[in-house]
Structures are given as structure tokens and as C-alpha cells.
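Trainee: Starting from the structure of chain A, add chain B where the hints point.
Listed here are the chains, written in short residue letters.
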Amino acid sequence: MNKCVERIYNGIIKENPTFVLMLGMCPTLAVTTTAINGVGMGLSTTAVLVFSNLIISALRNIIPDRVRIPAYIVIVASLVTIVQLLLQAFVRSLYSSLGIFIPLIVVNCIILGRAEAYAAKNGPIESAFDGIGMGLGFTVGLTSIAIVREILGAGAVFGFTFVPEDFRITIFGLAPGAFFVLAVLTALQNLAKAPSATNGSAPQSALACGGNCASCHGSACMSNHAELEAIREKAEAEAAAKKKAAAEKAAAANAAGQNAPAGRKE
Amino acid sequence: MKELILVIVGAALVNNIILSQFQGLCPFLGVSKKVDTSLGMGGAVIFVIVLASIVTNLIYTFVLVPFKVTYLQTIAFILVIAALVQFVEMFLKKNVPSLYQALGVFLPLITTNCAVLGSALTNVQKEYNFILSVANGFGTAVGFTVAIVLLASIRESIEDNDIPFNFQGSPIVLITSGLMAIAFMGFSGLIK
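Residue numbers (our numbering), protein chains in the order written: chain A, 1 to 266; chain B, 1001 to 1192.
Here chain A stands alone, though its shape is the one from the complex (with noise of 0.2 Å):
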């Protein structure tokens, strides 16, 4: 139980999605004009993935490692398509409003990552719950976002207007007022000495690509299965040298009891 707490506080603080590894960009500038559509598409991303960590973390055995991203690919794309006909079915307004980003959550770094880098390690259990602690890290980092854009945009928060209509800085609701928020946010990120991907000192991941999408290289998937085989022949070698000092331990110890009692006969 322990370790699921600690991997909410690690979703939620320590690797924060977006303001420490700064993963899914292109829904965090663009989805967020208004708070609601902020918890929206991060409550969206959340159910996914959930669902995507229990399933790859509960089939990580059965699926073999070189088709393991278009496995992966198959089952994120599956549970968007479920959590897209959902919203159109339970929350039109939401679904027109975030519109084209319900279905590009599948190409959403963070899903893929944390399949890579937790759940295709790590229990369905504690699968699930960094699935919970990432998504609602995300939901926090879109929703504060959202929430600056909107008071200074369109000056409300969740829909409640208190600024006159004199005082609005409409930029801010439109595109370029996405770029300037963010830019602002990674430049106090700095000035804090806070850590984040921009300044290089986020926490490196377990992974050869350090799930940082933006200095992907397209190659790093490959590199990335190369390293996993390496930590697992030299898991393998470990142990396979533990057996054998076990069982040289074991031969000796036998061999040991097999002369005492033949020099006590003497």
C-alpha cells in the first residue's frame, strides 16, 4: 500500500508530466483556454491511462518484446476510442470543445512512456497507481495552466466572470498567449532552480531516452531495447553467477561435512 502512495506523491510532485518532464505538449498549449476543458482532457488522459498501465503491466509477460509498441499502440488506441464515444455520449460539450484531442491522446508521450518505463516492469497493481499519481499530475499541470490563460483571457475562472470586459488581455485565449504562459512558466522554472526537462535537471528516467520526446531522435526506441537487454542478460548473469557461488558454496560446505566426519573416523 505503501508503494502506491509514493507513487501518486511521484506522479503528482516528483516527476510531474508537466512541469518537471514537460511530456504532451501539444494538448498542454492546446486544450487549455478554459479551466474546464484543462480537468477535462487531464481526467480524459488519466482514464486512459489507467486503464493502458493495469493492461500492459497485466499482459507484460505474454507480449513478446519486439512487437511490444505496436502492442502497446493497439491497446492505448483501443481505450481512447472507448473514452471518445463516452464523452460524445455523456459530455457533448466537453467532447466539442476539446474536439481532435480526444483521439491524439494516443500519440501522447506520456502514455507510451510510462508503458516503457513503469508498467511494462512494475506489477498491475503499482501499474495502476502510477497510472493515477501521472494522470493526475497532468490534470494539476493542464488545470493551473488553464486556470492563468482563462483569468487573463477571458477573465474567469471555471465559467465565473469577476474582471470587466476593459481589463481582458485577449491574447492570452488564442494561440500565441498558449506559447507566452508556457514560456513564462519554464523561464520562473529556471530562476527557482526548480527541476524540469527545460533546465536539464529533471530526474533522469531508467530509460536510454529519459522519456524526454522533445530530444527524441526516433532512434532512442531502438537504443532504449537495446539497454533494457543489457540490464537483463546482466540481471540474468547476476544471478546465474549467485547460483553458481550458491551451489560452489553448497559443494563445499558438503564436501566439507563429507571430510569431517571421514577425519573423524581416522
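Keep in mind the hints are simulated off the structure, nothing from the lab. Please note: incorrect hints may appear among the correct ones.
Chain B stretches covered by chain A per the calculated footprint, using a threshold of three residues with CB under 8 Å from any CB of chain A [to be verified]:
#1 1015-1025
#2 1076-1089
#3 1114-1127
In this text, a Cβ means the ideal position worked out from N, Cα and C, and glycines have one as well.
Mentor: Below, chain B without anything else, positioned relative to chain A:
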């Protein structure tokens, strides 16, 4: 003909895929340090998006619609795009080594690029026919290339500038993109 030009210009400038639609931001921010590499990336994106527009349109019209499974479009498109990129990479490596040299390293990166899947889904959403889909794909990719090459050249020239310490690195790139987005908003009056 007029409609074709409107779709291409609309996709390339008015609704620029990066600066107004926010798709494909990862390569936009990640591969824009040098003009050469950004040109290579742009070329690869044009190549893949046009091919993907052709293939996804054919799949949609001749497989998904007749079998009434259009709700599977996300799964079908992403798989087709991933397979297509792999196939194109292998084909170029074997048959057109010169093109592979230029675009090869960027190809795998494009599989999980929002822009490719995004333009395929937009084609379906706007109910474009085959010709218009290809035109829209081409326009989108040209818009991507224009934006990434512009950003790369600006980044090359601001490299030696005296930027406040806290704004060095990503913040100044984001501010540059913001200013570019403002400039591109000027195109919105181009097409009514």
C-alpha cells in the same frame, strides 16, 4: 481548382498545424536547433503526411465505411501510419539510399507525431474527398516545414544574443514561437 488552392493555402498558412492547431510540437521544439536538420525533418514530414493522407483516405473509403466500422478510425489510422513509416523506411534504405541519407533518421520519429494522425483525422472530420485529402495533407506538411525552418533560422541567429539568464534555453524558444504565432494570425484574413 479554386477549392484545391483554398484548401492548400488554408492548411499551410491560415490554420498552420503548429502555430494555430498545436499539433506536432515535440519535433517543432526538439529538432529546430539547426536549419539543415529542420529542413530534413520538414521533408520527411511532407513525404509521410502526403503518403498517410492517401493511404488513410483509401482505408476509410474502402474498408471502414463499407463495413460500418468508422468508430475504429483511430486504431486503424495509427496502425496504418506506424506500418507505413516502417515500410517507407525499409523501402528507402534498400532502393533510394540518397533519399534515405537525407530523411532516414527522421522517419521513425514521425510515427508518434500528432501532426500525421491529426491531419488524417481532420480529413475525415471535414469529409474531404480523395483529391482534397491529399491537398490538405500536403498543405499541412508544407505549413509544418515553413514553421520549423523559420524557427530554426531564428534560433540560429538568436544563439549569440544577450538573453537574460532565466530566459535562456526553452523560454526564449517558446516566446519566439509565440511571436511567430501572432504573425501567422495575420493570415487569418486571407481566406473568408
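Trainee: Decide, hint by hint, whether the structure agrees.
Mentor: Now the hints, each set against the structure:
1. 1015-1025: Coverage by chain A holds for the segment 1015-1025 of chain B (7 residues, Cβ < 8 Å).
2. 1076-1089: As far as the segment 1076-1089 of chain B goes, the hint holds, because 3 residues have Cβ atoms under 8 Å from chain A.
3. 1114-1127: holds (count 6)
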